[in-house]
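Visitor: All chains should be modelled from the sequences, with the hints used to inform the complete structure.
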Amino acid sequence: MIVSSALLKDLRGQLKLVETDLRRQAGDSEVAWSGELREQFDHATAAGRTGLTWSAWRDGEISQAAVAWLIAATFIRFCEDNDLLEGAVADGQIPVPWIAGPTDTPTGSRVARAVEHQTGYFTDHPARNDRHWWREAFSVLANLPAGKALVDPAHNPVWRADISPEAARALLEFFRRTDESGALAHDFTDADLDTRFLGDLYQDLSEYAKKTFALLQTPVFVEEFILDRTLEPAIAEFGLKDFKMIDPTCGSGHFLLGAFDRLLAHWTDEAPGLDRRERVQRALDSIHGVDLNPFAVAIARFRLTVSALRASGDRSLLGAPVYRHHVAIGDSLLGEQGTQGDLLVPDETFLYATEDIEDYRGVLTPGRYHSVVGNPPYITVKDKTLSESYRRAYSMCRGKYALSVPFMELFFRLAARADGSHGAGFVGQITANSFMKREFGRPLVEILLAGRDESNPVDLRSVIDTSGAYIPGHGTPTVILIGRRRRPLGATVRAALGVRGEPGQPTEPATGLVWTDIVDHLDEPGYQGPFVTVSDLDRDALSTFPWSLTGGGAGDLKARIDSMGTLVPRAVAYRIGVFGIMGADDAFMVPPDLARRLGEPDDFRPLVVGEQVRDFQIISADPTFFPYGNSHVLLSLDAFPASSRRLWSVRCELGNRATFSGQTYFAEGRPYYEWHQLPKDVGAHVWSITFAYVATHNHFVLDRGGKAFGRTAPVIKLPASATEEDHFNLLAILNTSTACFWLKQVSHNKGRPGAELAGADEPWEHRYEFTSTKVQEFPLPAMPLAERGRVLDALGGALSATAPVEALDVTSARMANALAEAEVRWNELRGQLVFEQEELDWASYQAYGLTDEDFTYGDADVNSVGPSERAFAIALARDVDAGRTSTTWFTHHNHKFAPTGEIPTKWPSSYRALIERRLVEIESNPNIRLLERPEYKRRWATRGWDALEKDAVTAAVLDRLENAEHWRDASGPVTRSVAELADLLRDDRMLIELLERLAGGVDVDVVPALERLIAEEAVPYLAALRYKASGVEKFREWQHAWELQREEDRIESGGPGTKPTIAVPPKYGQFDFLKPAYWKARGKLDVPKERFIAYHRVTRTGEGSTVLGWAGWNYAEQGLALARLVGDVKAAGAMEETVIPLLAGLTEVEPWVAQWHNEIDPAFGTSPAAAVSGFLDGELHEYGVTRDGVTAWTPRAATRGRPRKDA
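So for the sequence shown, the UniProt record's numbering puts the first residue at 1; every next one is plus one.
Think of the hints as simulated: they come from the structure by calculation, not from any bench.
List time: in silico SDA-like cross-link candidates among lysine to any residue, alpha-carbon distance up to 20 Å:
1) 950 / 820
2) 1028 / 1039
3) 211 / 400
4) 950 / 619
5) 1059 / 656
6) 1084 / 1064
7) 148 / 314
8) 211 / 200
9) 241 / 423
10) 384 / 52
11) 1080 / 592
12) 9 / 20
13) 384 / 43
14) 707 / 629
15) 707 / 633
16) 1067 / 55
17) 896 / 831
18) 707 / 585
19) 950 / 996
20) 1089 / 601
21) 1028 / 19
22) 400 / 440
23) 9 / 180
24) 707 / 631
25) 1089 / 591
26) 400 / 581
Guide: Here it is, written out as structure tokens:
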């Protein structure tokens, strides 16, 4: 019996082992596959199939090959346990089993028999190993008519990617493993030959494949719904003879399998006397699929083969006929398709070794199919070269498009076009709804789906909002589109509009409340249900961008708000958009402590990002390099010496950034250190209103100048002539619940952060993209609200000034009281903000004519309320108590609010009466009922006082540890163990009190406390201790680039030679680092941002705490400190295995010391560079090793003795 979850978990472990093994094989020049990979990469690059770096591309091929081995092995095991290969022989004489099988069969253990067969094979072939044995098993499948396509020797990587004998043996042992009872750990026996488990492997086995190919299984109930409305009417209209359907993004074949079952049933009804095998083949001949992912296609073919075998009444592949499959491996977007003609012609183009689309000529012929269905990937294309190829081929691709765009165009192009001889093909897909409101989707909405593309006419028939339905695995909000390839017929389009999402995770997704509402009522226009509204929308409305598919009266309310607008922000603003674009965030942005260490504060400006714009505050703003003067005039890099040295290491990356013209900074002669784009804003007011580009709710904050803003925090700049009142009025109205509602109707819903199950959450958790193009069109009312904006801005500023970090600027004797007083004041101000925001919301309802009365409070005896004491929250609590709804709003981890079902008695009667009136209005006024919901009301989900205090105290401790005096003695820079540091600071009373504050008590053990804090702030001095093998490889590429840059600098300074061509080294990923803390400190470009240097594997005599250096040292100080450490450990009797990695560290820092510190220091009569190199030369001579020898050191080498001496 197959236990899918256990199999998946264990195979993931095997995948890592096989990937590691294949990575070694790929790096061995004597392995044929290694050379083949390099040749393929060169050809793919030249053909425009990839723009990835060699290492990034190669890692993808390694991952794919590893998966291919595991999938092929799984095929064999499934066949062995289910007698699908009964009677077949390997090596001309060896019967099944070859790998394993159940241990309790009537004829004994099949594992034991497999081992016997393998032993006999090795007796006959003593020079062969376990890899050959695996391939003997694969050959059995490949040599059968029905099995060749499953492990095709011409294309499947298992025939070219040689895993080592050791890895092959480990894979055998994995599949032969038994549990405590002696039963096989993974038994594949299944009387029904159910292959659904392979779909689970397809989706979740490989993280690389899941991200690269956006792997996502289509649930059966979704597949059936789409087939009901596409395949079935297509069969009814076109008939079975020569019927053709395709899924051009077939994945593991869910749509293909569903179509097979339906087509076979139709053939059985139409031709009951036809031979079963012939009926099966006719059904298969109607089914076509393409996918870029080789192992996905392998799984799809295997599943179709098993289904065909079962339907034919056969029990073994041995006697089965040749099942003609029409499922190809290849990029369907680059097939016989595209507005530029055939983008790829099979006779002339490059194909990867795994691709076999050439064997399926015509599979992507436009207009060929009666039914086109699928679930295309929703991701954006990371490979820029490939992205541009798609852009050239598909006219709907605009801006930073998602793959849903070209696939939308492809789906309809593949469908039969209506003409005088036949009708139009049917198209159905579930896809991301991002195109509906994000700018890249405008051409889809206004041209393709509007039926205005003459070359590819579309008759949109149904639009079904599935964003609120619970669809397992779909974290991205989705929509289902049904259409035909013909000119639009009729003035309306059937639509299912979302009213509310799934209230909880249903036990059975197919019977979820939202999905059931859709399925049961889609054919009932006018239906007004609790979860969807079904309407026949005017086609012209769906030809206008953006789409809004919200039901329950939302459309009418938006129209009412629109009608009350007298101006839009675009009309009053100087401009609305990004402050600027760095284009180099990882290089330019630094933590505050690094900016302080560099000692050049003018290099930086506080940079605000969207997640820091919350609740009328800019919560924090980390420094970013800002080499500009007045009016944003670029200054010379010479004005920033410390930053100049820091950015030199990433000069190659920065200079090769793409410009708007498609060239590079270097090619255009642009200074490599400048921002990508920075408007001068001459004529704009110095103030800005910034807002969160991505958030669950609208957050607009006023800034009075002196900051920079990232792309996720766009700005509204009013003209220089604008008044304070102008700013406060705009600030107020944009922060209302009315504005939140309106913006959500026109903005893209990104779903819940981290969600993998759309619908398994609540609407107020969903993040939206509030773009400048949407904000600028928001209708502003005539009623002024400036005074309310002024009050909220002042409260937000006061709250920021009361933050814990401000309270710590006192003596140790005052700290506890200062923090306590600040906490009280902070909570008071927060309550006042909630109160004033609530007043603003209700004032906005009157401003837009949504209420006939004034529902604001005019007295001064109440000025503070809690988030759950607002009228909507009281109504919500009552609904929960009555069982009318369920919600996690009161218990969410970001905001835990005690439910308040009764109006608090602490309030005066006048305010209690007002709240009662508000509750009545919520109940009786449908517009207010819609607005007074958690999804439109401010969450007040910013971090609480305790979390803010912990961060502030932690930073204060670390700042004190960073005092430069602690890291220098009379002899110069000095390393310290944590225990030494604690002893040095034993009289620092402020530090002790801070540590006690963190620990929540007195008598804190200082050394462990510091170790815990420093562990997240220290990065090892040596590459081999920072990175995994993949990261070390990238680091070596960066080292090579730095050597070429130094050569380039020498030549530019007048030296002889020709300037070298420098390839951009690959960026790092999180999994290139040994610990998440290292990744956090370094990022994609490995730019050091840590506070401390960790000298791991070194300890002081008599204690074992971590030995540290200060990240504020320059390279000369790092080198000298490391040299001193070598002397210290040798004096303490350290063995060679302790000294060698330290020398490797000196070898890494040596070029930097030579580059930046080659001037003679009069105090010592030599330069730091000469001192470090001279010391290193002496140590290498003493140990008889070379620089290359110590550079090759890895942590494992420590137990195997000396490095090689012949390097």
